[in-house]
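Peer 1: Build out the structure end to end from the sequences listed, making use of the hints.
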Amino acid sequence: MEQPYLEETERNQYQAVNKKGFFRYLKFYLIPGWREPEFSVMEYEIGRIKSKRRLFRRLLKPLTIAGMVMILFIAVLGVYSPWLTVFTIENLTPPDFLFDTPYLTPSPEHPLGTTKYGFDILGRLIWGSRTALTAAALPVIIGTLGGLAVGTISAYFGGRVDALIMRFCDFWFAFPSLILVIIIAPLIGNSLYNILILFGLFGIPGSTRWVRALVLQVKQNVYVRAAITSGAEKFKVMFKHVLPNAISPIIIGFFGAMGGAVLGFVGIAFLGLGDEAFADWGTDIQYGRGEWGAYYAVWWPGLFIAITAIGFMLIGDGLRDALDPRLHL
Amino acid sequence: MSRQSRNMIKYIVKRILLMFPILIAVLIFTWILSNMMELNPALNKIPGNIIDRARYEAELRRSGYYDPWYVKLGIYLGRFFRGDWGESFVIAEGTKVIKFIAEIFPKTIELMIFSIIVVPIIAIKFGVTSASHKDKPRDTLIRGVAILGAGFPIFYIATLLQLFIGLTIRDFTHAQLFIEVIYPNNPSLATPIPIGGVGTGFRLIDSFLYNSQIYLWDTITHLILPVICMIFVSLSGITRQTRSSMLSVLDQDYIRTARAKGVEETDVIGKHALRNAILPTSHLVIGGTAGALLGSLFVEVTFNYTGFGYNMYMAIILGDYLVINGLLVFSTIVIISGTLIADVAYTIIDPRIIY
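Chains P and S, in that order, are what the protein sequence lines are. Take the first sequence: its letters are residues 1 to 329, numbered as in the working numbering. Take the second sequence: its letters are residues 1 to 355, numbered as in the working numbering.
Keep in mind that the hints are not guaranteed to be accurate.
[As the list claims (entries may be wrong)] As a list, the in silico BS3-like pairs of lysine-lysine whose alpha-carbon atoms are at most 25 angstroms apart:
hint	chain 1	residue 1	chain 2	residue 2
1	P	LYS61	S	LYS134
2	S	LYS134	S	LYS271
3	P	LYS219	P	LYS234
4	S	LYS136	P	LYS61
5	S	LYS72	S	LYS99
6	S	LYS271	S	LYS261
[To be verified] The following label-pair restraints were derived from C-beta to C-beta distances:
hint	chain 1	residue 1	chain 2	residue 2	range
7	S	ILE16	P	ARG160	23 to 29 angstroms
8	P	GLY159	S	VAL145	45 to 51 angstroms
9	P	ILE89	S	GLU265	55 to 61 angstroms
10	S	THR266	P	SER107	55 to 61 angstroms
11	P	PRO82	S	ASP135	40 to 46 angstroms
12	P	SER107	S	GLU57	54 to 60 angstroms
13	P	LYS236	S	ILE109	52 to 58 angstroms
14	S	PRO137	P	ALA75	29 to 35 angstroms
15	P	ILE89	S	ASN304	28 to 34 angstroms
16	S	LEU17	P	VAL69	50 to 56 angstroms
[Said to hold, decoys possible] According to the in silico footprint, chain P covers these stretches of chain S (three or more CB under 8 angstroms from chain P):
hint	region
17	19-26
18	141-151
19	155-163
20	297-310
21	326-336
For the record, the hints were derived by calculation from the structure and aren't laboratory data. Yeah, the Cβ is synthetic: ideal placement off N, Cα and C, and Gly gets one too.
Peer 2: Listed below in structure tokens is the structure:
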């Protein structure tokens, strides 16, 4: 009784594929929960089980899609910024102050108004997306790679090396790191990349601790002990057996940390310690907040910061749900 | 039991002894930092062009600018442990740094105390509700508010509150941005303490002690907006953490066992699940408290609230390096003791943890 039923459904599916081809698959992948209406209940069940196993499908939750759209939006702004606004970056940064047009209300020339020094807000928003994406990526890459190297060494070798590294981390955690960045950033020159590298270096102790805990967990597994017993070299065990199995939480943490990095850099810029050669949303808020009624000068930059930060956080959450549901950051 | 508590005391003593090497390392580090800054305190103190050369030189010599580095470091360390953290050169001229900290830190505590005490209670309640009603409208609402609090920078929320509410209800942000002052937020102009009287430093307590209603209302109206900002931001982190750890605990087998035995749902969540889920949250609450005491920097800068963070920022901008050193060392002491308290509190929250 069951056999012809299955055959029939398979034939149905085959016909459906042939009928709509590529666009059917597009719909299948992009619209979560979308089904071919002709499919039988049985086939629906089979498809559900199959799709559960696919990472791609598990990633496509509505909130994660929203996060991806947000980041895509910011990325498009960043990539095509010269074509999206008539202003060049030189028109929008401090050497040419335009004191004759402070706090203009929105008009055809300035669609979102101007800031304290007469810079166009829309232009600074569009150029600022490049700075924001750099500020998201660079510190987290430095912090994560450094943490991976130091944390793996610390966890794997143990003993005196481990104790030394952990004491250094303890010492480092006694500092309020934001205040340290504020103190050191003016010392080494307020260049954008200096501040970001500083942020990355200060992130290393935190990620070191985290990677160390992960590696210590993986080290308990039988296959690691088997590799050691069969005489593998230390570095080979470390980078071939231990690290690939600890990598998925690290990838998840990577996206979560990117949202934090955006907020951190924007905070430094808000205090007036950012790089003035780049358009930056934090500096925009600082420029805009000095005038009553000029809330349009503050509203948009903050909204864009929030879009970037929330986008990265949503992607991080979605990745966590898809890759490792038991992990909690 | 007695052996356990003896171990505990041994652990606490060990940790307190371990604090001293870290403190000395921090001191040397801050000293190196302040020397790297190559600040010239005299330049900021004597504004404009230096006309009086002799006064400038005398000022430099007074602040020990020409001493060799080992003398500076030795004097600095020796003075620190004798309780003499130097004097402020720029911000509060001639005030001892310890006295200055005692003056400004109560203000930050006043700002933070509400968000420290009330927020964890509300946030844990929110997180538990959100986890036990997963994917329901209530959960969506709480998650939405939490992610807004995490994604918007705190100074943006503060600035918007200041601009919108300050524009419409003017009593909130006087002493700010050219709005006329009703009760000035300036201790030298309006203080209820009589000459020779003893103040606690907490403006709220002072106004009750010396029965000054104007001072009380002045303090409260200055506190409302910053406190709202602090609550909104610290709420989101604790809620998210509680929700995710509650979700993982509700997945466990012993929760199903408890439900199968017929334990009521409130008891399952309040006793079986929450007791196990609270540990990461308590790490965030207790460990975060020390950080929050210092993390109010952006709120204080935005609202010109002359607490710890605001003075830290002004000291860095104006180059008052002894104040920077003092505040940095003080904040590290706060953080170190905060982590110690957190580690001890873990044993109370989770009896399985033994040191």
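Peer 1: Hint by hint, say whether it matches the structure.
Peer 2: Outcome of the hint check:
no.	hint	verdict
1	P:LYS61 to S:LYS134	15 angstroms, holds
2	S:LYS134 to S:LYS271	19 angstroms, holds
3	P:LYS219 to P:LYS234	12 angstroms, holds
4	S:LYS136 to P:LYS61	16 angstroms, holds
5	S:LYS72 to S:LYS99	22 angstroms, holds
6	S:LYS271 to S:LYS261	14 angstroms, holds
7	S:ILE16 to P:ARG160: 23 to 29 angstroms	25 angstroms, holds
8	P:GLY159 to S:VAL145: 45 to 51 angstroms	47 angstroms, holds
9	P:ILE89 to S:GLU265: 55 to 61 angstroms	59 angstroms, holds
10	S:THR266 to P:SER107: 55 to 61 angstroms	59 angstroms, holds
11	P:PRO82 to S:ASP135: 40 to 46 angstroms	44 angstroms, holds
12	P:SER107 to S:GLU57: 54 to 60 angstroms	55 angstroms, holds
13	P:LYS236 to S:ILE109: 52 to 58 angstroms	54 angstroms, holds
14	S:PRO137 to P:ALA75: 29 to 35 angstroms	32 angstroms, holds
15	P:ILE89 to S:ASN304: 28 to 34 angstroms	32 angstroms, holds
16	S:LEU17 to P:VAL69: 50 to 56 angstroms	54 angstroms, holds
17	19-26	holds (count 3)
18	141-151	holds (count 4)
19	155-163	holds (count 6)
20	297-310	holds (count 4)
21	326-336	holds (count 5)
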